[in-house]
Amino acid sequence: MGRKGMGTPENKERAFEVYREFGGRNIPKVLEEINKRHGLSLTTPTLYAWKNEGGWDGRMERADATRAELDEEGLSFEQKMFKALLERKRAYDRYFREKPIDNQAQYAYNSLVESLIKLSKGIKPEETKDPAQSRAEIEEVLAAEYGLKR
Amino acid sequence: MDPTKEKYKRVRGLILKMLAYEHPRVLDDMVLYALLDDMGYPISQEEFHSHLAYLGDETKGYLEVEEKKARSVEIVFVKITPKGLDLLDRFTPECDPGVNINF
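If you read the protein sequences in the order shown, they are chains A and B.
If you count by our numbering, then the first sequence holds residues 1 to 150, one letter each, in order.
If you count by our numbering, then the second sequence holds residues 1 to 103, one letter each, in order.
Just so you know, nobody snuck in bad clues.
Calculated lysine-lysine pairs in the DSS-like style (CA-CA distance at most 25 angstroms, straight line):
#	chain 1	residue 1	chain 2	residue 2
1	B	5	B	17
2	B	79	A	83
3	A	89	B	79
Just so you know, these hints were derived from the structure itself, not from any lab.
Construct all of the structure, not just a fragment, from the sequences and the given hints.
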């Protein structure tokens, strides 16, 4: 494949996948691996050009941060999304404090809040027990463990 | 047709359609991600960013990802370009085989 024809979005994505796999380190190895796996003849300058053009380091950091944040167990997808969006809303709040409001940011913020409201309606609150039922369960445990009866 | 590839194409088309709906306004990337799930296309963050990179690549140029930085925080917007709108409106002579807008 001619070098000029290599810069397709597909090849750039393939290269990014390998770059991410290596944590953005050891560029010679990354290059070797890309060329071996995908039959390309990529050079170091081209790889750096693709990396800068695609903001690979930023992409990698954002993906890792979001993954770490969403990896908490026991949350439904909606709950995870709600949490991620809430965090993003806080980022906007900080952004508006630090920068004069711009229209684009305001529009994005509005749609963010709309999504939050929509998601919050879809999330079922955790089931709470009936107080009478809880009391009965406590009394049952007390009776079984300590012989206490009321 | 490989169903996975067809799904990729549809997700890309859907991303453009949602951005066109907001045009000329922008969408936060996380909101766009949540909307995709809402529309019945739940995908991983990695896949989502891969589609954004694909659609925003200079050879495609259907959308723009803009990172805005303040002192301690960064927010990310996504916006459809005129080229992306032309694709959706079928104003371009050829369709894009990597993006399905016919659904």
